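Those protein sequence lines, which keep their order, are chains P and D.
Take 1 as the starting number for the first sequence in the working numbering and just add one per residue.
Take 1 as the starting number for the second sequence in the working numbering and just add one per residue.
A couple of the hints might just be wrong.
As the list claims (entries may be wrong) - Below 25 Å or equal to it, Euclidean Cα-Cα: the simulated SDA-like pairs (lysine to any residue) are:
1) Lys219(P) <-> Ser47(P)
2) Lys115(P) <-> Pro125(D)
3) Lys219(P) <-> Met116(D)
4) Lys115(P) <-> Lys67(P)
5) Lys190(P) <-> Lys133(D)
6) Lys67(P) <-> Pro124(D)
7) Lys115(P) <-> Val114(D)
8) Lys67(P) <-> Val112(D)
9) Lys111(P) <-> Lys219(P)
Stated by the list, open to error - Some, not all, of what chain D presents toward chain P, calculated at C-beta under 7 Å:
10) Thr98
11) Gly105
12) Leu107
13) Thr123
14) Pro124
15) Gln140
16) Asp141
These are calculated hints, taken from the structure and not from any lab test.
This structure is a prediction, so every number in the text was calculated from the model and none was measured.
Heads up, the beta-carbon is just placed ideally off N, CA and C, and yes, glycines get one too.
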Amino acid sequence: MQILKIAGAVLLLSAPLYAQDEAARKQAAELMARVPLETAVKGAPYSAETIVDASQTLADGNRIVRKTTGRVYRDGDGRVRREEDRQDGTVGISITDPVAGVAYSLDSVNKTAWKTPLSTAGLLMGKLEAAQTEAMRKRDAEKAAPVNDGRAITTVEPGGAVTMRGEAYRTADAPLEHRTIEGLAVQGHKTTATIPAGKVGNEQPITITSEEWSSPELKVLVLTRHADPRMGESSYRLTNIVRAEPDRSLFIVPSDYTLKETGIRRMADAKRQQ
Amino acid sequence: MNIRDDEGNGVDRDLSLALRRLDDAALVPEADPAREAALMTAFDAAQRRRTASRGAQYWYMAGLATAAAILVAASTFHGIRPGSPPTSEFVMVPGAVTLPAMESGSLVRMDVPVSMLPSLGVTPPAGLVATVKADLIVGQDGLTRAVRLVK
Chain P
1 MQILKIAGAV LLLSAPLYAQ DEAARKQAAE LMARVPLETA VKGAPYSAET IVDASQTLAD
61 GNRIVRKTTG RVYRDGDGRV RREEDRQDGT VGISITDPVA GVAYSLDSVN KTAWKTPLST
121 AGLLMGKLEA AQTEAMRKRD AEKAAPVNDG RAITTVEPGG AVTMRGEAYR TADAPLEHRT
181 IEGLAVQGHK TTATIPAGKV GNEQPITITS EEWSSPELKV LVLTRHADPR MGESSYRLTN
241 IVRAEPDRSL FIVPSDYTLK ETGIRRMADA KRQQ
Chain D
1 MNIRDDEGNG VDRDLSLALR RLDDAALVPE ADPAREAALM TAFDAAQRRR TASRGAQYWY
61 MAGLATAAAI LVAASTFHGI RPGSPPTSEF VMVPGAVTLP AMESGSLVRM DVPVSMLPSL
121 GVTPPAGLVA TVKADLIVGQ DGLTRAVRLV K
């Protein structure tokens with residue numbers, strides 16, 4: 001009986017801790033806490049403005065057009081700060097610090113810095129890169145028999161599996177002529193994917209194009225364009241590129257912010273232990 | 001019937017006599033005070049061990065209960081429920097292969113309408129729910145690359 005009393009007391013003491021964290025996790029979900037994902041590049045500092053344009057033409061001829069602006073800063077050690085101007089007037093800020101091994105997502109309204117160990121972000125990026133590499137390999141292998149059979153492609157890794165849903169594509173890659181964008185020499189390539197008629201109930205073939213231009217010197221994407229008749233068109237580009245070391249303070253969480261863990265690492269660890 | 005009674009009485013008499021003779025022959029030695037003291041000491045020691053053992057068991061059980069309580073609280077604290085992974089695996093959304101390379105982006109946790117899941121390449125979970133919590137990986141261009149459900 002006394003043992004039960006002791007256990008009950010311990011549970012009561014731990015309850016506030018649980019309740020406090022549950023509230024924090026709930027708040028994180030409501031805030032849509034973001035975990036920044038970056039590919040670390042050292043020795044190529046720059047800053048630039050980013051512009052994302054998206055447009056979609058509806059069946060009745062109406063158009064939905066969206067434009068998102070922001071800024072990106074990268075220092076010589078590979079730290080990256082990204083700012084995104086949101087429609088509600090706030091600015092979404094993320095800081096990735098490979099030197100400290102952490103990534104932050106700043107909530108400027110509540111003065112909260114959501115922290116995630118970079119190993120988790122790296123794991124996620126690694127999975128995506130592995131999936132994309134596998135997709136490229138599969139695509140190259142299928143050039144002899146150019147139509148994907150639509151089966152799922154699965155890559156299994158120690159951290160789990162990434163399943164890629166196959167679609168019936170006929171793809172073609174073509175390099176684009178070198179050019180200069182925003183004062184940077186860039187190289188590009190264009191991918192055209194075609195869904196043959198009848199593969200997804202389509203009367204005519206569906207052609208999807210994707211263009212990307214990157215700077216070998218800065219190791220950064222300068223311009224990308226994507227056009228899919230089902231989704232519309234979108235582009236991402238850098239403007240006003242400045243090749244200089246950004247201000248150090250940009251990569252530091254302001255002192256009046258409260259640090260909170262997103263808890264993503266714990267989930268990843270739990271999955272690895274199973 | 002009477003004959004039988006007489007015979008029975010005779011047997012009882014013989015048995016009583018035999019038992020009395022045995023009783024007279026049996027010698028019960030006097031209790032040795034030293035042995036008695038040693039026996040009592042051993043008995044007390046055994047009692048003490050039993051009490052101590054019960055105390056140790058008590059604290060052992062209390063410790064186990066405490067550890068279990070802390071484990072439950074800690075695992076809940078970090079959103080881990082033993083035996084049930086908090087998330088599914090990431091699935092590349094249909095068409096992601098045709099998207100430009102992803103050099104940066106973010107993982108965004110949000111409530112996604114169940115009706116949107118097929119377009120993301122995910123089979124909707126069983127049950128009558130309007131939305132599910134999901135992690136989306138969105139690239140630098142704002143386009144979604146992968147999705148996983150948060151259980």
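Pair hint outcome, Lys115(P) versus Lys67(P) [Cα-Cα no greater than 25 Å] = violated, 28 Å
Go through the hint on Leu107(D) and say holds or violated, using the shortest Cβ distance to chain P against 7 Å.
-> Since chain P brings a Cβ to about 4 Å from Leu107(D), closer than 7 Å, the hint holds.
With chain P as the partner, please determine if Thr123(D) meets the hint condition of a C-beta pair closer than 7 Å.
-> Violated, about 11 Å.
Do the alpha carbons of Lys67(P) and Val112(D) lie within 25 Å of each other, as the hint requires?
-> holds, 23 Å
Given pair status - Lys133(D), Lys190(P), alpha carbons within 25 Å | violated, 35 Å
Is it true that the CA of Lys111(P) sits at most 25 Å from the CA of Lys219(P)?
-> violated, 33 Å
Gln140(D) as an interface hint toward chain P, with CB separation required under 7 Å | Because about 6 Å separates Gln140(D) from the closest Cβ in chain P, which is inside the 7 Å limit, the hint holds.
Assess, step by step, whether the Cα of Lys219(P) is no farther than 25 Å from the Cα of Met116(D), and give holds or violated.
-> Violated, at about 35 Å.
Tell me if Pro124(D) is really an interface residue toward chain P, meaning its C-beta lies closer than 7 Å to one of theirs.
-> violated, 15 Å
Status of the Thr98(D) interface restraint (C-beta, 7 Å, chain P) | holds, 4 Å
Are the Cα atoms of Lys115(P) and Val114(D) separated by 25 Å or less?
-> violated, 29 Å
Verify the proposed pairing of Lys67(P) with Pro124(D), using a straight-line Cα cut of 25 Å.
-> violated, 31 Å
The structure does not agree with the numbered hints 2, 3, 4, 5, 6, 7, 9, 13, 14 stated previously, though it agrees with the rest.
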